[in-house]
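2 protein chains.
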Amino acid sequence: MKINHHFDEMVPNYLFADVARKTNEFAAAHPDMTIIRLGIGDVTLPLAPVVVDALKQGSEDLRHQNTFRGYPDYEGYEFLRNAIAQYYQGFGVTVHPDEVFVSDGAKSDCGNVGDIFSQDNTVLIPDPVYPVYVDANIMAGRKILYAAAGRDNHFLAMPDPDVRADIIYLCSPNNPTGAAYSAEQLQEWVNYALENDAIILYDAAYEAFIRDDLPRSIYSIDGARRCAIELCSLSKTAGFTGTRCGYTVIPRELKREGQSLHALWYRRQATKFNGVSWPVQCAAAAVFTPEGQRQCRENLDYYHRNAEMIASALDELGIYYTGGKNSPYIWMECPDHMGSWEFFDYLLHNAAVVGTPGEGFGEQGKGYFRLTSFNSHEKTAEAVDRMKRLLS
Amino acid sequence: MKINHHFDEMVPNYLFADVARKTNEFAAAHPDMTIIRLGIGDVTLPLAPVVVDALKQGSEDLRHQNTFRGYPDYEGYEFLRNAIAQYYQGFGVTVHPDEVFVSDGAKSDCGNVGDIFSQDNTVLIPDPVYPVYVDANIMAGRKILYAAAGRDNHFLAMPDPDVRADIIYLCSPNNPTGAAYSAEQLQEWVNYALENDAIILYDAAYEAFIRDDLPRSIYSIDGARRCAIELCSLSKTAGFTGTRCGYTVIPRELKREGQSLHALWYRRQATKFNGVSWPVQCAAAAVFTPEGQRQCRENLDYYHRNAEMIASALDELGIYYTGGKNSPYIWMECPDHMGSWEFFDYLLHNAAVVGTPGEGFGEQGKGYFRLTSFNSHEKTAEAVDRMKRLLS
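Respectively, the protein sequence lines represent chains A and B. So the first sequence is residues 1 to 392, counted in the numbering used here. So the second sequence is residues 1 to 392, counted in the numbering used here.
Looking at chain A on its own, in the form it has when it is part of the complex (with noise of 0.2 angstroms):
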């Protein structure tokens, strides 16, 4: 029996690891001192009150005979579909409801959606970025470039004609970066896709958090129908971290080689997955509805008015940075040409403020670092105060 020794080139991930044991070390050294963590990847708020309602009248029907439900459908119930359809028009993107695959969530689909692809692909990421993409990838034993992103192009790395490549992962706004693509730059991703026969793997994970006049969906796009597949979460959005929901979007029309790659996908579903559950997908259509929807809102401005406290000490500071606006993640320059786990430090021992260091999801992200707006208002205030003192 051979191991898959692909396996063998992942580098072990021991970011948050690293994060954690300093942070345990200092805080023992200083039990006076109180920590505060702008480090956080998860949400920190509680559901919306209508899509517990949701999860638990869900919930009570699988208690009573005439409700019960068993397996569900590979590709989620209509009934979610549809919701999804029409967030989707509300927003100006067409997307027909079967061409929508209900999942338990993003990270599973962005890995698993590399079954339906040759192993014998070039694949390019940027970078920085979500280290799942790389590692999926590897495991699987494909090619791999990395599209350079960095202050002089606001951290959104675009296409380079010389360069070819199969499958292309993006994701806007950024996980680290905060940074998102304008119509214009996503129309050049698009072209290059459709000139190279290439497919797009679009992470719109945090499309909820664009408040500027920014595309909220790859379809939004010209072409991008015939060259994109979108993954999204409930996860940031509607606050699913521990609930588990996502969806994909493949278009009808989106073929490769003469084959339907949404059949390609229905198949590897029906093969290696059995659906959501359904209360889960009840809670999950409660997120579309209009109460919903504004219940939902309210967490997203909570997150969103911490990254502008964090976002104008930087102004007021005169670091640059990207994202803080249409994100909940602020990406940094560490400050005097530190390294991102220098900062790391100096920030930890100097005001007891946690973030993550930028090399941590990426070559480019050396000398960045990563907060995030996740903490409670008083919190970020707090941190945002002491980060003030120390950096002014």
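Read the hints as simulated data drawn from the structure, not as lab findings. It is possible that part of the hints are untrue.
To be verified - Derived PhoX-like pairs (lysine-lysine); straight-line CA-CA distance at most 25 angstroms:
hint, chain 1, residue 1, chain 2, residue 2
1, A, K2, B, K255
2, B, K325, B, K143
3, A, K366, A, K325
4, A, K143, B, K379
5, B, K22, B, K388
6, A, K2, B, K143
7, A, K379, A, K22
8, B, K2, A, K255
9, B, K325, B, K366
10, B, K22, B, K255
11, B, K143, B, K22
12, A, K2, A, K22
None of these values were measured; they are calculated from a predicted model.
Based on these hints, arrange chain B on the given structure of chain A.
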């Protein structure tokens, strides 16, 4: 961009679609007849009350700041892994909580576990069997061999020392045949795996139906911890087909080529999975409480009485069958040397009873037919009467 052309090798599976079409056609032509479905592969009784209570309490937890839960552990919460380990202890098998991985179902795991193995392995799959093993491995491009089951081995395929396999799928009690291995038979498979450096993927999804003194886990067999991964599910045990929770056990000492399969699977899940929702894990833990076990057992007993009705009718009719005692499935030889589909039509047209043609589960299923115990007592009794009248 190249698609995964192994999908071209997958045979479209129209089994249940064809059954539904023929049944609907018959119903339309005979609106006066009451059709009874003994082909149901899904549970029909609602969830146990304590399980619903836990599901609702877990949902309510997500409404409040102080009990809210975000991202779960990739491997499942410790309280649930402890409960599963104790459940194993209840039938005399020692599994450490750290060896348990909670998932959204055994189907996901039995497909996804392939990620940790090289494509360059030969897979041995009993025939007839649950079609997912075959399809997941065709998709991955692995060479597949079949271990024929039939009347000569009572539909329990045994190892052939002349066949060299690297990965072996076993399902006991089997879907679709209901046949369950004895300890001696499983010992032969474990010995074969150890001698051949192979891995057994042991699907124990129906273990809770076992009544005879037969192994409920591969780990009750000497040496299994050095060659077997066990996959299990709450779908049939506790009616979780629409709730979605399963678990996979990988012993710490299970290594190949010097690497821990537990570590590889953890890395796979950390990369391509984000855990099971808090309410569902709360519900799953309730299954393993004494009251949960009692309530789930009532449902299993209900299905079991149906299986007994079917089995005793076949005994009376002198028809050869497997299953029905340690399984919700009864696998019968079609009378008068009829083919699977021929008998399907005969039973539908002459008794208005629907079952599943055995050839849908593999070449060796030709001439056999699957009946299930998931209908009501009343309907099952009526179907049995009709079959007795028709076939005696």
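Verification of the supplied hints:
no., hint, result
1, K2(A) / K255(B), "holds, 11 angstroms"
2, K325(B) / K143(B), "violated, 34 angstroms"
3, K366(A) / K325(A), "holds, 23 angstroms"
4, K143(A) / K379(B), "violated, 57 angstroms"
5, K22(B) / K388(B), "holds, 23 angstroms"
6, K2(A) / K143(B), "holds, 13 angstroms"
7, K379(A) / K22(A), "holds, 20 angstroms"
8, K2(B) / K255(A), "holds, 11 angstroms"
9, K325(B) / K366(B), "holds, 23 angstroms"
10, K22(B) / K255(B), "violated, 49 angstroms"
11, K143(B) / K22(B), "violated, 34 angstroms"
12, K2(A) / K22(A), "violated, 38 angstroms"
When held up to the earlier numbered hints, the structure conflicts with 2, 4, 10, 11 and 12 and fits the remainder.
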